[in-house]
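Fit chain B to the given chain A structure using the hints.
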Amino acid sequence: MESNQTIEREMRYEGKARRSQTTPTSWFDRVWNFFSSVKVAIILIVITLIAAGIGTIFPQERFIPSASPETYYKEQYGMLGELFYRLGFSDMYSSWWFFLLIAMIGISLVVCSLDRVVPLYKALKNQKVVKNTTFIIRQRIHYKFDVLADEKEQKLSDLKEQLSQKGYQVKQEQDAILAEKGRVSRWGPYINHIGLIIFLLGVLCRYIPGWYLDDIVWLREGEIKKVPETEFYVKNERTFAELYEEDEIHSDDIEGPVVKKYQTDAVLYVKDESTGELKPVHQQSILVNHPLKYHDLLLYQSGFTPVMGSITFKVVDKEKNNQEIGTFTVDLYDMKVDQVFSVGNLDVQINEYYPDFALENGRPITQSQEPNKPAFIFEVREKGQAKGQGEKMWVIAGQNTAGLIDTRYDVDLASINMVNSSALMVRIDKSLPIIFVGAFICFIGLAMGFYWQHRRVWIRWHDQVLYVGAHTNKNWYSLRKELEPCLTKAGFQLPKEK
Amino acid sequence: MNELMELFLFCTFFLYLGSAIAFAVGISGKKEGDDANRRVRRWGNIAVGLAITGVVCQSLFIVVRMIIGGHFPTSNMFEFVAFLCFTIVIAYIVIYFLYRSMALGVFVMSLAVILLAYASVFPKDVQPLIPALQSHWLYIHVTTAALGQGAFAVGFVAGLVYLIAQFGKWKEEGKAPFWHRFWLETILVIVLMFVSFSLTNFVFDTFGYQAKLSHMFDGHENVQEYTLPPIVGPTDGQVLQMDPFLGMTQPLFEAPGWMKGVEAARKLNSVIWAIIIGLLFYAIIRLIAQKSLTDLFYPVVKNLKLDLLDEISYRSIAIGFPIFTLGALIFAMIWAHEAWGRFWGWDPKETWALITWLFYSAYLHLRLSRGWHGLKSSWLAVGGFIIIMINLIVINLVVTGLHSYA
Numbered sequence: 001m002e003s004n005q006t007i008e009r010e011m012r013y014e015g016k017a018r019r020s021q022t023t024p025t026s027w028f029d030r031v032w033n034f035f036s037s038v039k040v041a042i043i044l045i046v047i048t049l050i051a052a053g054i055g056t057i058f059p060q061e062r063f064i065p066s067a068s069p070e071t072y073y074k075e076q077y078g079m080l081g082e083l084f085y086r087l088g089f090s091d092m093y094s095s096w097w098f099f100l101l102i103a104m105i106g107i108s109l110v111v112c113s114l115d116r117v118v119p120l121y122k123a124l125k126n127q128k129v130v131k132n133t134t135f136i137i138r139q140r141i142h143y144k145f146d147v148l149a150d151e152k153e154q155k156l157s158d159l160k161e162q163l164s165q166k167g168y169q170v171k172q173e174q175d176a177i178l179a180e181k182g183r184v185s186r187w188g189p190y191i192n193h194i195g196l197i198i199f200l201l202g203v204l205c206r207y208i209p210g211w212y213l214d215d216i217v218w219l220r221e222g223e224i225k226k227v228p229e230t231e232f233y234v235k236n237e238r239t240f241a242e243l244y245e246e247d248e249i250h251s252d253d254i255e256g257p258v259v260k261k262y263q264t265d266a267v268l269y270v271k272d273e274s275t276g277e278l279k280p281v282h283q284q285s286i287l288v289n290h291p292l293k294y295h296d297l298l299l300y301q302s303g304f305t306p307v308m309g310s311i312t313f314k315v316v317d318k319e320k321n322n323q324e325i326g327t328f329t330v331d332l333y334d335m336k337v338d339q340v341f342s343v344g345n346l347d348v349q350i351n352e353y354y355p356d357f358a359l360e361n362g363r364p365i366t367q368s369q370e371p372n373k374p375a376f377i378f379e380v381r382e383k384g385q386a387k388g389q390g391e392k393m394w395v396i397a398g399q400n401t402a403g404l405i406d407t408r409y410d411v412d413l414a415s416i417n418m419v420n421s422s423a424l425m426v427r428i429d430k431s432l433p434i435i436f437v438g439a440f441i442c443f444i445g446l447a448m449g450f451y452w453q454h455r456r457v458w459i460r461w462h463d464q465v466l467y468v469g470a471h472t473n474k475n476w477y478s479l480r481k482e483l484e485p486c487l488t489k490a491g492f493q494l495p496k497e498k
Numbered sequence: 499m500n501e502l503m504e505l506f507l508f509c510t511f512f513l514y515l516g517s518a519i520a521f522a523v524g525i526s527g528k529k530e531g532d533d534a535n536r537r538v539r540r541w542g543n544i545a546v547g548l549a550i551t552g553v554v555c556q557s558l559f560i561v562v563r564m565i566i567g568g569h570f571p572t573s574n575m576f577e578f579v580a581f582l583c584f585t586i587v588i589a590y591i592v593i594y595f596l597y598r599s600m601a602l603g604v605f606v607m608s609l610a611v612i613l614l615a616y617a618s619v620f621p622k623d624v625q626p627l628i629p630a631l632q633s634h635w636l637y638i639h640v641t642t643a644a645l646g647q648g649a650f651a652v653g654f655v656a657g658l659v660y661l662i663a664q665f666g667k668w669k670e671e672g673k674a675p676f677w678h679r680f681w682l683e684t685i686l687v688i689v690l691m692f693v694s695f696s697l698t699n700f701v702f703d704t705f706g707y708q709a710k711l712s713h714m715f716d717g718h719e720n721v722q723e724y725t726l727p728p729i730v731g732p733t734d735g736q737v738l739q740m741d742p743f744l745g746m747t748q749p750l751f752e753a754p755g756w757m758k759g760v761e762a763a764r765k766l767n768s769v770i771w772a773i774i775i776g777l778l779f780y781a782i783i784r785l786i787a788q789k790s791l792t793d794l795f796y797p798v799v800k801n802l803k804l805d806l807l808d809e810i811s812y813r814s815i816a817i818g819f820p821i822f823t824l825g826a827l828i829f830a831m832i833w834a835h836e837a838w839g840r841f842w843g844w845d846p847k848e849t850w851a852l853i854t855w856l857f858y859s860a861y862l863h864l865r866l867s868r869g870w871h872g873l874k875s876s877w878l879a880v881g882g883f884i885i886i887m888i889n890l891i892v893i894n895l896v897v898t899g900l901h902s903y904a
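Protein chains in written order, with the numbering used here: chain A, 1 to 498; chain B, 499 to 904.
One chain only, chain B, in its complex shape:
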């Protein structure tokens, strides 16, 4: 059973990757003529076919995992992030059939691949369900909330592509607004950090890297198992066992005392690794390509119509908003009432779901005014997804609250 589950996940990963590549192949090559049109259509069908097969494959993965664990797999970070990929791909398939935008597919499917790789960084074991999670609302609430977020993610990618296309066009016209370009590049670098972090984890995992450090927490001795070489160790920690890395046999420094939580040092270590490796990759790319990431991606999106991208971004968010409201707020309130005896309690995760909702409400109201379409709107679509990622990663892993299961 376990092997079957892993096989399905493995296939899903490569089907999504294949779909991203097929979209990329489809839009490269000659642009004019009937022949080119037929070629584009053929590759579009192949790419979306791969994406659909990937969705089917991931559904099978979910079913098998459900049989093994006895519950719907959305109960920890690995399961949820993997499920988010699933909803992003579904949302994109819907948008594809509405607008047939292939260049967008390159980016959305790449995002799905990146997130699936990132999901595998977290422990993949099927965990027993604690009493608080034993409810059918676990899958009703989480799946609908994730579907809404999947649509928002497509809106984010369309916004990002809009910005890449716009700034590229501006550059051709000799305009290069510094801050706009700076922030877009920063966001692309952060995405690159996710990629490189997942890769690094994969590499160290393959070579079986291990380090164990013990430290005192809350008056008890705790052992932290590192899968990446510990640059940062726990406050007043002891090395129990550590594979040497580049001659390093103990952490370079200790986590500052004000960082809370038993795993604070290990998490800080992950963040530092992500930043270092991400920047390293970025430096290599810049050296080889002699171009910023924005300019590197521009040729892919060059031929896209800006107002079409704007509409796709808005449409995805408009599709996602009612679903998100239903899943992340209404169903969440019903479950909170059933489980905790109050429908709303200002738990950090709840509060950030509300912040996300308020942010997208502001976005949707701004769309009614002139001057907020296009550039500003795309920035907002990007901002909204950053809020979602903050709620997913920062709130789950850093802030403690009722939702800190993972």
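Chain A extracted, bound-state conformation:
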């Protein structure tokens, strides 16, 4: 067993000393030795995967429909939820300790690789062709054949021929052969680790100021807004949702309409510094899965909702049996207090406006600037009447206020006109190329490591005996299956399997 272990270690790094195998003298050596251990790496991986799993038992804070996680978890999930929150699993993926785990894996990747790759490189570069016969016989796959001295040249050249037909690089020195193939497999793990390190560094780059932006902008049709934290302005030309037609749905179980697409036709502008004019620079339809791309800026379709755009009012004369005098339309996004609308022989003025109406201690207030529940105080004057002399009345969307006050004229809601509004997610992520290059390098390394096998065959004729030993870093059966026909074709009788 002991000798087997030695040979394993010798095979892997060809007996070359790794830094971690020297006796530690400084604190740096101690840290190095800690992180160079594959066992430590595995423990870090296992801790990370268990923690990541626990984090999915209940939804993370960012996914819960509540702003107060300290009460939410307890109310929704009881004791376990409380524990989940208290132990810090409710926002674990952005916690310091999870970051630390990933960082330690990163360090382990660097140290493990550096510790091994240099000795391995040196060892594989200077391989001896002539090996000790006990070394050959101690290989997991080995054979011994009696070969007379005058046959040996022929046998060795036959074997060389057979092995090179199988794609081996064959070297001969005196009576010894070294055949090798798939060395590329040995570099796979290091390339894969380099890819992972680049990937993790890419993720870190996100913290460089200006490299990452995550924001959202709501735009109604026709609206232009500044894209937050950039030089750009964006206009929503048109936003719509399209439903599947009846004949496009092949299922009887689906009730109600199914959305086929959400689309926003957007134009991107920059402001001319000298004139202050907006110059269009890019125009694109944004769909789910097809964000607008302009240099580093990305705009994603991530919300769609019809909102109140304008309200049409009608004015009636109560003295003439509620006869309609006329209508006027207030654009909720393009209006001013004191604005006057001319309706027939009347002037209607907006005296006060509450976009998001509510009562607080009996006084009208607005809860926000969004027109969720618009309320107005109008003043209706006959033409020529002085300001402030007309009839004043409240109109509140969704509430019937008609006839509450004793007036001659009445302003009523005629219709609410909806306009589509689109949420555009604003993203800049300059580290993406680094991240994806890292990921692909990692894949290439994995493919090299797993789809090739490093196989070596040592053959030596010594004292009327031909020794054959073979080693691979994996898949021994396949190596045996490759080697045995070579031996048979070279005229050797293989021993019967036990």
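Because the hints were derived from the structure by calculation, they are not lab data. Keep in mind that a hint or two might mislead.
What the hints assert, rightly or not - When the alpha-carbon atoms are kept at most 30 Å apart in a straight line, the in silico BS3-like pairs for lysine-lysine are as follows:
id	chain 1	residue 1	chain 2	residue 2
1	B	K800	B	K874
2	B	K874	A	K481
3	B	K874	B	K789
4	B	K800	A	K474
5	A	K496	B	K669
Stated by the list, open to error - Restraint ranges, calculated between C-beta atoms of paired labels, are given here:
id	chain 1	residue 1	chain 2	residue 2	range
6	A	I64	B	P754	17 to 25 Å
7	B	T551	A	P495	39 to 47 Å
8	B	G843	A	F34	30 to 38 Å
As the list claims (entries may be wrong) - Listing some non-contacts, in silico: residues in chain A with all C-beta distances to chain B over 12 Å:
id	residue
9	P119
10	F135
11	D150
12	E153
13	K166
14	W187
15	E221
16	E237
17	N321
18	P355
19	G362
20	S368
21	I396
22	G398
23	T407
Cβ atoms here follow ideal geometry from the backbone N, Cα and C, with glycine treated the same way.
Coordinates of chain B only, in the frame set by chain A:
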């Protein structure tokens, strides 16, 4: 078109089943002599031929479904589970040509049959694609991820067969480690639950069983249609209509209030049915065979070399790992970036894909150390596939997240 699609699926099912049987026939009978060898080789060719024909048939099924629906069929549970069978069979065919292991074929093809039956439990309609799924990454990402998982599944089966063979050999030597045997038997019973659940569903579906229960959810009235007799009803639910079953005209009890989701009660009902029927089947098998499942399967795998099984299990996982990395993580990140504006968001499905990846990385690193080949390695191969099944079934059906389409 629809009939053609169903026909292809039907043929696929029986071709896979036929392949499993052919592998079983091939390894039974006399073991020694040239005659036996020729016979084994002939049945091996027949079995793998059936498997390949099944793959072709399922490809046609996929093509026809694509023509009908206008998109690649990997967008709901039925489609994905069926596709997973497809990749498992492909992965096995590759492994077959590398190692020619027929006993493994019995188990892998049976797993494919079981999963295909399980897939049919889910609604089979072609569903219109919601905007979030309208991307060519839907098939690039899902197919590569599934191919990786297919290879992992073969690794799982090889691990399972290793354990059956090892424990059988130990028993012959008079050793029977309790916990090892207990867990292996448990896993086999869970597989049996999948079989019996699919069968039960098929039987009730054939007889057209129906029950409708209404309940309030999120302030709206909801109607749950049960295809299996409701043992569990929704919390505060009302029976609208229910075919009597064994004299049962209303649910035996209600789902506990803490279970989330509009369909929680129906899903719990499925789980309870799977467990009851599975255990019932298990009891019947034990009564008839007078043997544990482990011992029942042992004769099939008796002649296999343990270190060969170990190598096949490892090789399958090694083949699957780069593909899984590419499909389930790299392509997934690219698509997530295109669709959601971030390449990673710790959505439960994403997190479990990462957990799967970390688990197999740990496995591959452990293979470098001594003492982790063979028994421990086989347990890990089994564990990895359990994680995949958790991600497929539990995360899709129980935990809500961005991937809960099915």
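Hints, verified against the model:
1. About 20 Å separates the Cα atoms of K800 of chain B and K874 of chain B, which keeps this hinted pair within 30 Å; it holds.
2. Proposed proximity of K874 of chain B and K481 of chain A is supported: the alpha carbons are some 26 Å apart, at most 30 Å.
3. Distance check on the hinted pair: K874 of chain B and K789 of chain B sit about 25 Å apart at the alpha-carbon level, within 30 Å; holds.
4. Among the hinted pairs, K800 of chain B with K474 of chain A is consistent with the structure: their alpha-carbon atoms are about 25 Å apart, no more than 30 Å.
5. For the suggested pair K496 of chain A and K669 of chain B, the alpha carbons sit about 28 Å apart, so the restraint of at most 30 Å is met.
6. Between I64 of chain A and P754 of chain B the beta carbon distance is about 21 Å. The supplied range of 17 to 25 Å therefore holds.
7. A beta carbon spacing of about 40 Å between T551 of chain B and P495 of chain A agrees with the range 39 to 47 Å that was offered as a hint.
8. Taking the beta carbon of each, G843 of chain B and F34 of chain A are about 33 Å apart, inside 30 to 38 Å as hinted.
9. Listed as outside the interface, P119 of chain A is consistent with that label: its C-beta sits roughly 16 Å from the nearest C-beta of chain B, beyond the 12 Å cut-off.
10. Residue-level check passed: F135 of chain A sits 19 Å from the nearest beta carbon of chain B, beyond 12 Å.
11. For D150 of chain A, the condition that its CB be more than 12 Å from all CB atoms of chain B holds, with the nearest at approximately 37 Å.
12. In this structure E153 of chain A is separated from chain B by more than 12 Å, as the shortest Cβ-Cβ distance comes to about 36 Å.
13. No Cβ of chain B comes within 12 Å of the Cβ of K166 of chain A; the nearest lies about 16 Å off, and the non-interface call holds.
14. With 12 Å as the threshold on Cβ separation, the claim that W187 of chain A sits away from chain B holds: the shortest Cβ distance comes to roughly 15 Å.
15. At the 12 Å boundary, the C-beta of E221 of chain A stays outside the reach of chain B, the nearest C-beta of that chain being 19 Å off.
16. Residue placement check: E237 of chain A keeps its beta carbon more than 12 Å from all beta carbons of chain B (closest about 19 Å).
17. Residue placement check: N321 of chain A keeps its beta carbon more than 12 Å from all beta carbons of chain B (closest about 43 Å).
18. With a least beta-carbon separation of about 27 Å from chain B, P355 of chain A lies farther than 12 Å from that chain, consistent with its non-interface assignment.
19. Against the 12 Å criterion, G362 of chain A stays outside the reach of chain B, whose nearest CB is about 31 Å from its own CB.
20. S368 of chain A, annotated as away from the interface, keeps every beta carbon of chain B farther than 12 Å; the closest lies near 25 Å.
21. The non-interface label for I396 of chain A is consistent with chain B: the shortest C-beta to C-beta separation is roughly 26 Å, beyond 12 Å.
22. At roughly 20 Å, the least C-beta separation between G398 of chain A and chain B is larger than 12 Å, which holds for a residue marked as non-interface.
23. Distance check on T407 of chain A: its Cβ is at least 40 Å (rounded) from any Cβ of chain B, clearing the 12 Å threshold; non-interface status holds.
When the structure is compared with the earlier hints, no violation turns up for any of them.
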